[in-house]
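Trainee: Keeping the supplied structure of chain A fixed, place chain B upon it in accordance with the hints.
Top to bottom, those sequences are chains A and B.
According to the UniProt record's numbering, the stretch in the first sequence is residues 1 to 415, in order.
According to the UniProt record's numbering, the stretch in the second sequence is residues 1 to 415, in order.
What the hints contain is simulated information worked out from the structure, not anything from laboratory work.
We put the CB at the ideal spot given by N, CA and C, even for glycine.
Some hints could be false.
Stated by the list, open to error - Quick list of the computed label-pair ranges, beta carbon to beta carbon:
| hint | chain 1 | residue 1 | chain 2 | residue 2 | range |
| --- | --- | --- | --- | --- | --- |
| 1 | A | Q105 | B | S391 | 14 to 22 Å |
| 2 | B | T343 | A | P153 | 47 to 55 Å |
| 3 | A | G255 | B | R246 | 45 to 53 Å |
| 4 | A | Q171 | B | R246 | 52 to 60 Å |
| 5 | B | T211 | A | Y254 | 38 to 46 Å |
| 6 | A | P152 | B | E2 | 22 to 30 Å |
| 7 | B | T72 | A | Q105 | 29 to 37 Å |
| 8 | A | T140 | B | G390 | 41 to 49 Å |
| 9 | B | I213 | A | Q171 | 38 to 46 Å |
| 10 | B | E125 | A | N266 | 30 to 38 Å |
| 11 | A | G46 | B | E229 | 41 to 49 Å |
| 12 | B | H245 | A | A332 | 40 to 48 Å |
Stated by the list, open to error - Coverage of chain A stretches by chain B, computed from C-beta distances (three or more under 8 Å per stretch; other residues unrestricted):
| hint | stretch |
| --- | --- |
| 13 | 22-30 |
| 14 | 35-44 |
| 15 | 148-160 |
| 16 | 242-255 |
| 17 | 304-310 |
| 18 | 349-361 |
What the hints assert, rightly or not - Under the rule of at most 25 Å between Cα atoms (straight-line distance), these lysine to any residue pairs were calculated in the SDA-like manner:
| hint | chain 1 | residue 1 | chain 2 | residue 2 |
| --- | --- | --- | --- | --- |
| 19 | A | K198 | B | R115 |
| 20 | B | K108 | A | G364 |
| 21 | B | K269 | A | A313 |
| 22 | A | K198 | B | Q16 |
| 23 | A | K27 | A | A313 |
The lines below spell out each chain.
There are 2 protein chains.
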Amino acid sequence: MEAEIIAVGTEILMGQIVNTNASYMAKQLTALGITSHYQQVVGDNGERLDKVISVAEDRADLVILIGGLGPTEDDLTKQTLAQHIGKPLVVNFDAIQKLIAWGEQQQKELTPNNRVQAMLPLDAEPLKNAVGLAVGAMTTFNNTQFVLLPGPPKEFEPMVQNELVPRLAAQLHSDAIIQSRVLRFFGIGESALVTQLKDLIDNQTNPTLATYIKDYEVTLRITASAGDEAAANALLDPLEAEIMHRVGQYFYGYGDSTELVDVVVNELKRQQLHVTAAESLTAGAFQATLGDVSGVSAVFDGGFVTYAPATKASFLKLDQATLEQQGIVSEATAKQMATGALTQTDADIAISFTGVAGPDELEGQPAGTVWIGIAMRNQEPTATLYHFPGSRHDVRYRAVKTGLFDLLKQLKEKH
Amino acid sequence: MEAEIIAVGTEILMGQIVNTNASYMAKQLTALGITSHYQQVVGDNGERLDKVISVAEDRADLVILIGGLGPTEDDLTKQTLAQHIGKPLVVNFDAIQKLIAWGEQQQKELTPNNRVQAMLPLDAEPLKNAVGLAVGAMTTFNNTQFVLLPGPPKEFEPMVQNELVPRLAAQLHSDAIIQSRVLRFFGIGESALVTQLKDLIDNQTNPTLATYIKDYEVTLRITASAGDEAAANALLDPLEAEIMHRVGQYFYGYGDSTELVDVVVNELKRQQLHVTAAESLTAGAFQATLGDVSGVSAVFDGGFVTYAPATKASFLKLDQATLEQQGIVSEATAKQMATGALTQTDADIAISFTGVAGPDELEGQPAGTVWIGIAMRNQEPTATLYHFPGSRHDVRYRAVKTGLFDLLKQLKEKH
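The following block holds chain A by itself, in its conformation from the complex (with noise of 0.2 Å):
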């Protein structure tokens, strides 16, 4: 099945509002396994919306129209495509007494643009909307399906997810289920990635193997259509073996919202150990990473910020002459700022950061250069060196990621 996202609003058109329903749709429709070629976006106006519709008729069986169900005489979508397949629109019962019932107690005279809300092309089915007026339809002409939506992301969002997606899912696979896993990667690039698994990816049929980017990560997805559940994890358990067998190394967790911090803080209260950090350049930014986890309390008292050679002295009760010796951004320096770190503090590991932000070079080494040091008591510091592309903020912000990757290795290994 091939679709495409019709979003309607002259709002968008004019950068008013961001279009996050056609991502969302999108997204829904990727996980249904049906692919998508093209979105349109036009305005408020029922000419240019007749056109839209034509194109997108020519070229997709699942035209979706999002947007221009409300009650203002803004809103057409409903009437041109109720023109388009040249069907009368008729009262849907169950939204028209919803919105009598809402006039009542609004105490509103219904104008015919809020009877409109009520109204579906004939022999349409209903998709009901939780929350608000407009009722949503799905309808068929000419071999390619059409489907109403709201604009409004409260009102829409539900009625994708609890009217349109199982009608969607039940036509492709009246005997089938879909199941995803989301794989989650860091110290890897994307073409890295893509090239290590090419093969999979080129002959991906059932599974399918998406992958994409986001805060110097990247996301795996793989997906299966099967008969039920336990069919769809013997199609996904090989792939993700596969998988794990050639870029385990660079594998955390899994989930969409599972973020690289989250997997830290749970397994350093699994472990019931307190972490604490001596940052340089990257100057709070991996506790201020920490303390976006809620009850990040349990492992985390608190750190330095020792920006200044001088600082790194006094707050770790280091010697600066040896520091500045030795040199800021070094081996030695890193693995004394982690132990100087663990001492100052009751923690049982601590992590340092010391390089060169950027965009300046230091002590001769050039911007991106940083060493990251762990120290944990009772074991000798380590150290290591990376050189991370980008601008100050990027090699700042890969430093945090890295040092929280770092960390979650250091801690399996312990264990």
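Mentor: Showing chain B alone in chain A's frame:
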């Protein structure tokens, strides 16, 4: 002039990213007075992109292509447009120099696709990329102007603002110049600002006045069109004066690229003062924000992340029993944290954050309750109570911005 935006990217069609670029571009077109009746989205596929370009050039004089200028095999926009208009791609000297320098710095071999990033259709005008490697372009074919812009917002937005908008403005008013001022505000919501300026907004013609929000801030852009710069300024000056008269207390600086933290760091530099911080709920986010500013080391040496009560006591040499007795989230604790941070460092001014990030309440106080303290040498410390709305993340980052604004007010009062 009639414009059409085409966003190119399979990630948009799959719902992996939201098409915020189209919205950003649309807003700029609206501000310029350029109408737009359609938008399109198409995937990374040359054949389909070519069709979409054909549709757009039939109905618009200005076709803006966003995305697909990157170095992977998926990135086909430049090649497809060049073929569509029958022009070869040629190397842009500035862009290839930048690319070669980048390759040397990264010690990376340049791929053929990398090189395409530095190429333009023959005779096209280059649009400089201040942040990345892909050069943009503007070119005319059969009376339609085509624009090529990169997809990553951090490259896209400055190119639109600094390269594209001035060229479009110049075309529109060939006998006039367009002069804009961007006024930045903090501590007032968009609807409150709009209410205060309602008559100015409703009656705007020349100068025009537009508001937008980002990162808990409101920005106002006033734009005048006139015969020369002096005449434009003569239109802008009284409008700016009237705006300042009404909402000047929330104003902090000029310009799209001026962040509140930049203004604070500049003021500290001007007064030759060093700042430190003791952060509880913000957990380093305030100091990390200072660290975003290149050259902040002139005014910032480091500070404390004191998440747990025991850490507040030990790092800042305070009495934990007293802190807990008076309440960790209290005026007294905020003042003592700021004073303690000053005592433990050589800084001239210290800021402290203590509060309830949420989602759970603390000490019977609801999420969003935040005290911000400020201490300066030889002065009584002050503390201010805030109630921030939103998620845990919102509360923490609103606190950071508010702390910056409080600090700026304090520095200006002092002077």
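Trainee: State for each hint whether it applies.
Mentor: Right, here's what the structure says about each hint:
no.: 1; hint: A:Q105 x B:S391: 14 to 22 Å; verdict: 32 Å, violated
no.: 2; hint: B:T343 x A:P153: 47 to 55 Å; verdict: 50 Å, holds
no.: 3; hint: A:G255 x B:R246: 45 to 53 Å; verdict: 48 Å, holds
no.: 4; hint: A:Q171 x B:R246: 52 to 60 Å; verdict: 57 Å, holds
no.: 5; hint: B:T211 x A:Y254: 38 to 46 Å; verdict: 42 Å, holds
no.: 6; hint: A:P152 x B:E2: 22 to 30 Å; verdict: 29 Å, holds
no.: 7; hint: B:T72 x A:Q105: 29 to 37 Å; verdict: 56 Å, violated
no.: 8; hint: A:T140 x B:G390: 41 to 49 Å; verdict: 44 Å, holds
no.: 9; hint: B:I213 x A:Q171: 38 to 46 Å; verdict: 41 Å, holds
no.: 10; hint: B:E125 x A:N266: 30 to 38 Å; verdict: 53 Å, violated
no.: 11; hint: A:G46 x B:E229: 41 to 49 Å; verdict: 45 Å, holds
no.: 12; hint: B:H245 x A:A332: 40 to 48 Å; verdict: 58 Å, violated
no.: 13; hint: 22-30; verdict: holds (count 9)
no.: 14; hint: 35-44; verdict: holds (count 8)
no.: 15; hint: 148-160; verdict: violated (count 0)
no.: 16; hint: 242-255; verdict: violated (count 0)
no.: 17; hint: 304-310; verdict: holds (count 6)
no.: 18; hint: 349-361; verdict: holds (count 4)
no.: 19; hint: A:K198 x B:R115; verdict: 23 Å, holds
no.: 20; hint: B:K108 x A:G364; verdict: 21 Å, holds
no.: 21; hint: B:K269 x A:A313; verdict: 24 Å, holds
no.: 22; hint: A:K198 x B:Q16; verdict: 20 Å, holds
no.: 23; hint: A:K27 x A:A313; verdict: 51 Å, violated
Of the numbered hints stated above, those contradicted by the structure are hints 1, 7, 10, 12, 15, 16 and 23, listed in ascending order.
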